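Trainee: Start from the sequences, fold in the hints, and give me the full structure.
The residues making up each chain are set out below.
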Amino acid sequence: MSVAPRLAPNPPPAAPLIDSMISVDHKAIARRLLAFALLFFLAGGVMALLMRTELAEPGLQIVSTQTYNALFTMHGSTMIYLVITPLALALGLYLVPLQVGASRVAAPRVALAGLWIFVLGGLIMQAGWLTVGGPGRATWIGVAPLSEFQRTPGAGQDFWIIGVLLATLGEWLIGMCVLATALGRRAPGMTLMRMAPFTWTMVGTTLMMIFAFPVLIVLMGLLFYDRRNCCLFDGPQGPLTYQELFWFYGHPVVYVMFFPFVGAVAEVFSAFSGRRLFGYAFFVASTALLFAALSSSVWGHHLFTSGRINAKYFALTSHGIILAAGLEYFDLIGTLWRGRIRWTAALLFGVVFLVQFLIGGLSGIWVASPTLDFNANNSYVVVGHFHYTLFAGSVFGAFAAIFYWFPKWTGAFLREGLGKLQLVIMFVGTNMTFAPMFALGEDGMTRRIANYGSRGWETLNTIATVGSYIIALGILVFLVNLYVSLRRRRPAGDDPWSGPSLEWATSSPPPPHNFDVLPPVRSFAPLLDAREAVEGAPA
Amino acid sequence: MRRAWVVPAGWGAGLIVLAAVQLTLHPEAIELAMLAGSGAIVIVIGAAALVAERRRRGPRAPVEVLRWTSAGAVALAVGVCLIVLGWELGAWMVGIGAGVTALGLFGVIRETRTGRP
Amino acid sequence: MIAAATDTRTNYDTLAAIYLWVAGVVFAIIALAVLWIVVRYPSGRDPARSPSGPVDAHRTEAVYAVGLAVVAAVLIGLTFHHQDQVDDLTTVAAENPATLRVDVIGAQWQWRFRYPAQRPGQRVVEQTAPEGTPPELVVPVGRPVLFSGRSQDVVHDFWIPDLKFQRGIWPDHTERWALVFPHPGRFTGVCAWFCGLYHQNMHFVAVALPAAAFDRWLARERGGRAA
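Protein chains in written order, with this note's numbering: chain A, 1 to 539; chain B, 1 to 117; chain C, 1 to 227.
Hints are computed from structural coordinates only; laboratory data are not their basis.
One thing to keep in mind: the hints can contain errors.
The calculated lysine to aspartate or glutamate pairs, modelled on EDC-like cross-linking and capped at a C-alpha distance of 20 Å, are [unchecked claim]:
{"#": "1", "chain 1": "A", "residue 1": "Lys312", "chain 2": "C", "residue 2": "Glu175"}
{"#": "2", "chain 1": "A", "residue 1": "Lys312", "chain 2": "C", "residue 2": "Glu126"}
{"#": "3", "chain 1": "A", "residue 1": "Lys312", "chain 2": "C", "residue 2": "Asp87"}
{"#": "4", "chain 1": "A", "residue 1": "Lys312", "chain 2": "B", "residue 2": "Glu28"}
{"#": "5", "chain 1": "A", "residue 1": "Lys312", "chain 2": "C", "residue 2": "Asp162"}
Here the structure is a predicted model, which is why all the values come from computation and not from measurement.
Mentor: Right under this line is the structure:
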């Protein structure tokens, strides 16, 4: 049994509240990031409910057009920049050092700085709601020339730009620490091909972030400059250049918002099936590497309808996703195959993620074809597509991760019954909300409109609105679960699920230095190895 | 540890290959430049990791000494945000931000003198 | 060369049917696999059984990967072919000086359609309407129409859902595309790129007239009604 490198203990903190805010322990930073992401999630959710309430019937009932434009801009911006991306990074920041057997994250001060830059960026973005003209309202893309000062004046749009810039900078700093940890701080014996599946998906995630996130940071700086000093994005190439640069970030980020959750589900499947991940080598090659490389080379498909990009190339690379995703699904299902499956809330969320994300993925292949995208672009087909991948997919995957790892983070279980209730409610609500959108889009309903007039779309929109309220009910059940589980704790112990990877080889929650003793690492599922050595290998 | 550099270097090479495929399909210059450039950057990072690995003398010390908090890092973060916010609110905010950043930098330097980062 | 005028609607419907079938089959396979797992492998059914099954199956998975690549290649091939149909129509229409040309001008928040002079001395025809009222884009049935789109301010998008086609309208740039309207009728058109406050009101109506009726209309418009 190898002894993990230790961190010498320091004198106990004198002012606990302040010390908790300036702690360099990666677990504390990750918990803070998770908490802020959850708060922003609730804010973005309220914006969604306002939008859906408005859309239930044609005409304008509860908000003005100006407010609606701000709502969809801020809902999208909040969910992408301030919720799912930081949530994914928080999982990585907490778990990657543990999974590789490290005593701490690489460059912890950088991670700490990243946390607070992100938080302040998020607050500055939301501060736009307090300005006279309202917050950002030029879509989550901030598309020029619409976002230039002449067309969208006011401090709110400025705050949006600054908020996006800072939040992205903070996220990038955290991501780089996670990558450096996985590559540079692994325990002895932990070769690259013995890293846990989740860690590999974080490597793929953070590799993409290396260049994609700085491009957005620079672009936001240029946009801000343009609003003060005209006219960077004018002329024949200006607006196109803006979008080429934006989508170079904008596509990888949606995979940043996906890979960590598919990695989490891989871990969940492995734990609750009692089997190590099936086809590990293919999983690593296809998900962490091929999928990530393709994701960095498909961005032009957001511009198919411009007629001004290399459409065939981007159609080619976008269809390449079929290979990467197909292999990944094969390995995930293979992990459950002939397993001994325990139907915990985490596992159920993972299975529902698998099926729902597939709808998002298949609709993604649909719009990967320019001919089909010429109808679907900017219609509710696309809105349905990305909500199936990001909400029906990633958010359900996030709940699988939360139900699985909550005992490790807090030492207490989340209530299983409430978790399963939440799943059923959210399953119904999610599909009620987003499935009708494919029909609406195919029938010609375009996005980013508050009043869709009298085209026969009222029924489907009303169904979608009811579905959104049901989703909200499901989230409420989760909040109740959170409260009850933390108030009346059911202690979990070191390894409540018989998990495969190293984070389960220490206490719950782990001590500041992570490990007292590390088990030997001879495969990517060291705890499964240890268990099998004791019980005898599986049949 | 020894072969970590393979990951960014190899992945960056993969991006270059994907960029090269563009050449068979009438590429736009900006698209070729962005993908190939990104691949090159990632390869450089891999090379830097290789150099850092070669330069490391001996294994890491078994027991590190580390401060558990860093007020300096937080001050640095807040200062940077205030500077950027100052671009909107005015020079006065940039000044405050610069001051906080300087304090933060000073704090971090002092922290690193008393314990390894 | 295209043998007959290919309309985007037929082009789309053909490809969409194939993609929908492929998606349906894939979804069914995964759903069935999940259903099988739910039924067959829960631990409660046989608590004494240990999890079994191989750790990997490299040969099987490699064959499967090749299969996926073939599916992707087929879809890519079909996509490229149908893409060429759309592009070729534009190329052919542009090369033919007799093709009807219409300029599409987008501005916050109204459309304007111009029929430029195609012979010396012809009068330019303009179709527009007060903001809030959809202007009419009058076009012939069955013949290619070559559009040139340009914005006067921000990015807009010319979308006719019934034709399953849209194209971005950019400032300081002229984008060209050709369309064939297969049936007579009135077709809604909308702006499909968020362009600011009244984006949702930026509609137009494409009025497709039978060829003879269209020729009469255009002749009348060009013929010099008092301005």
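Trainee: Decide, hint by hint, whether the structure agrees.
Mentor: Now for the hints, and whether the structure bears them out:
| no. | hint | result |
| --- | --- | --- |
| 1 | A/Lys312 with C/Glu175 | holds, 18 Å |
| 2 | A/Lys312 with C/Glu126 | violated, 36 Å |
| 3 | A/Lys312 with C/Asp87 | holds, 12 Å |
| 4 | A/Lys312 with B/Glu28 | holds, 12 Å |
| 5 | A/Lys312 with C/Asp162 | violated, 24 Å |
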